[in-house]
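The lines below spell out each chain.
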Amino acid sequence: MLTRTVAEPLEEFVRTDGPRPTTPRLSARGSYRIAPYVAPRRLLRRLAALIEGRGWLRRLFVSAERGSKWALYGCRMCGQCALPATGYACPMTCPKQLRNGPCGGVGAGGECEVYPDRPCVWVTAARRAQATGHTADLDRLQRPIDHRLWDSSSWLGYWQGRDADLWTAPAPQRPQLVLLPVLSSPGQAHD
Amino acid sequence: MTEGLRATLSAHRFAVTAEVGLPHGADPDGLTARVTALKGWVDAVNIIDNASAKVAVSSLAGAVIALRAGVEPVMQLTCRDRNRIALQSDLLGAATLGIPNVLLLTGDHPRFGDHPQAKAVFDLDSIQLTWLARTMRDDGRLLSGRRLDPPPRFLVGAVENPFAPPIDLRAARLAKKVAAGAEFVQTQLIFDVPTFERFLRDVRDLGVADRVAILAGVGPVRSLRALEFLQRSVPGVHIPDEIAKRLRGVTPERVAEEGVRQCIETIDALAGLPGVAGIHLMAFGFERGIPELIQRSAAGALRSTPSSERGGDGAH
Numbered sequence: 001m002l003t004r005t006v007a008e009p010l011e012e013f014v015r016t017d018g019p020r021p022t023t024p025r026l027s028a029r030g031s032y033r034i035a036p037y038v039a040p041r042r043l044l045r046r047l048a049a050l051i052e053g054r055g056w057l058r059r060l061f062v063s064a065e066r067g068s069k070w071a072l073y074g075c076r077m078c079g080q081c082a083l084p085a086t087g088y089a090c091p092m093t094c095p096k097q098l099r100n101g102p103c104g105g106v107g108a109g110g111e112c113e114v115y116p117d118r119p120c121v122w123v124t125a126a127r128r129a130q131a132t133g134h135t136a137d138l139d140r141l142q143r144p145i146d147h148r149l150w151d152s153s154s155w156l157g158y159w160q161g162r163d164a165d166l167w168t169a170p171a172p173q174r175p176q177l178v179l180l181p182v183l184s185s186p187g188q189a190h191d
Numbered sequence: 001m002t003e004g005l006r007a008t009l010s011a012h013r014f015a016v017t018a019e020v021g022l023p024h025g026a027d028p029d030g031l032t033a034r035v036t037a038l039k040g041w042v043d044a045v046n047i048i049d050n051a052s053a054k055v056a057v058s059s060l061a062g063a064v065i066a067l068r069a070g071v072e073p074v075m076q077l078t079c080r081d082r083n084r085i086a087l088q089s090d091l092l093g094a095a096t097l098g099i100p101n102v103l104l105l106t107g108d109h110p111r112f113g114d115h116p117q118a119k120a121v122f123d124l125d126s127i128q129l130t131w132l133a134r135t136m137r138d139d140g141r142l143l144s145g146r147r148l149d150p151p152p153r154f155l156v157g158a159v160e161n162p163f164a165p166p167i168d169l170r171a172a173r174l175a176k177k178v179a180a181g182a183e184f185v186q187t188q189l190i191f192d193v194p195t196f197e198r199f200l201r202d203v204r205d206l207g208v209a210d211r212v213a214i215l216a217g218v219g220p221v222r223s224l225r226a227l228e229f230l231q232r233s234v235p236g237v238h239i240p241d242e243i244a245k246r247l248r249g250v251t252p253e254r255v256a257e258e259g260v261r262q263c264i265e266t267i268d269a270l271a272g273l274p275g276v277a278g279i280h281l282m283a284f285g286f287e288r289g290i291p292e293l294i295q296r297s298a299a300g301a302l303r304s305t306p307s308s309e310r311g312g313d314g315a316h
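Chains as they are written, first to last, in my numbering: chain A, 1 to 191; chain B, 1 to 316.
Okay, chain A solo, but in the shape it has when bound (with noise of 0.2 Å):
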């Protein structure tokens, strides 16, 4: 017998880290105030390079990292953060953890398929990013993401770089997807 012959888990006893669409708890307006102090600048990448380099600090910081960011926005850590790009509402808390936007199967009311007792969040996304004017970042075609990441901070990424390509300029041409170490060109991204 390969099945394990188990009585069908009641939905409310299904125990699952999986991803739950989140809606944060900082305002679309109060997260892109906050932004430009957390820009990448030359201080925070020297800071970044040197919290990078000790252990026990980097440990210290990305822990603060992802207690702060779990409380304000769901985050999940997945070490390339797309809220800058997404009204700050975290992709990744989609079940299918989808980058650019809803997928087909969103209830009439606004649901989630696959928790239709939360709202999906890209259309908290849509709602946050209409109201702030940032509705063209939508547009932006956002790149596979890097899966050794995951758990890694994303903010000492950003300050050092790293995460430039993560998506492309709202582009009505096919943008190249492929970005080998010649063709790379930083700086598209966080304009």
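Please note that a few of the clues may not be correct.
Derived DEER-like restraints, expressed as beta-carbon distance ranges [stated by the list, open to error]:
id	chain 1	residue 1	chain 2	residue 2	range
1	B	288	A	179	45 to 55 Å
2	B	194	A	66	45 to 55 Å
3	A	50	B	211	21 to 31 Å
4	B	292	A	30	57 to 67 Å
5	B	301	A	147	50 to 60 Å
6	B	10	A	36	27 to 37 Å
7	A	68	B	147	38 to 48 Å
8	A	179	B	168	50 to 60 Å
9	A	42	B	146	35 to 45 Å
10	A	133	B	96	41 to 51 Å
11	A	41	B	272	49 to 59 Å
12	A	147	B	97	38 to 48 Å
Since the hints were derived computationally from the structure, they do not count as laboratory data. Built from N, CA and C at the ideal position, the CB exists for glycine as well.
Based on these hints, arrange chain B on the given structure of chain A.
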């Protein structure tokens, strides 16, 4: 036999594609019979990739069976079950086997299927997969940067649901898929034509209407059970109350014909809309009725293929 989807779309002729169900057992004959019955009637048949996250014969195998039967397949490929290695491998495999069209989707969540315990992969999303397929074809490269020699030549398709919130941004999402490289798009089932017209207008306003062929999704609701199933269990399908009322308003034995009539009326309405390149028929096990749906609707008249060629070998 029609000339295939690419030729029909590039000649701006009215295109018809249809979805066929795949077997749940290891039997090729049923599928061969189903696609053969559509030969000459459609430009291509969609070979579904484990629809509703329920295990069936793989779409790659199904597409090859269609090719062998002399019917052009559109091979569906979802992000649900494969990481980027498997996706690229399947795309390369499809190209190597001469499959001329691929349709790239996110896929239904395993939660809805027959293996809700399964690990959901979703390494890429549908837009990234579309982007990747065009990169493989046009830039001749894998995601790793490695060169493909020769590169695949398939036509790249995607899907869109004009009826799922955020409705005001669905056209923009289609534009994003077109930017990523989608050349044709098949829509979710259309029951609400005015909402679809608004979607088409938004698509035109965004300036992508002439860069993508939109195939409008249609299908007959032939029983009240099917109606309830579509309303409750298929994510993203929205059936307006007046259509539900219409189907409930007839005697039980007339529901099937009423559903077919409603579908034909929808095709007639859609065929006249600017920006509709054709239709995509989803008949849920009623594939044998597809020729009738085409014949009785505006799609039949719009098809330029002579009728002698069309009906000729459809019987065996």
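If you check each hint against the structure, which ones fail? The structure breaks hints 3, 6, 8, 12; every other hint is satisfied.
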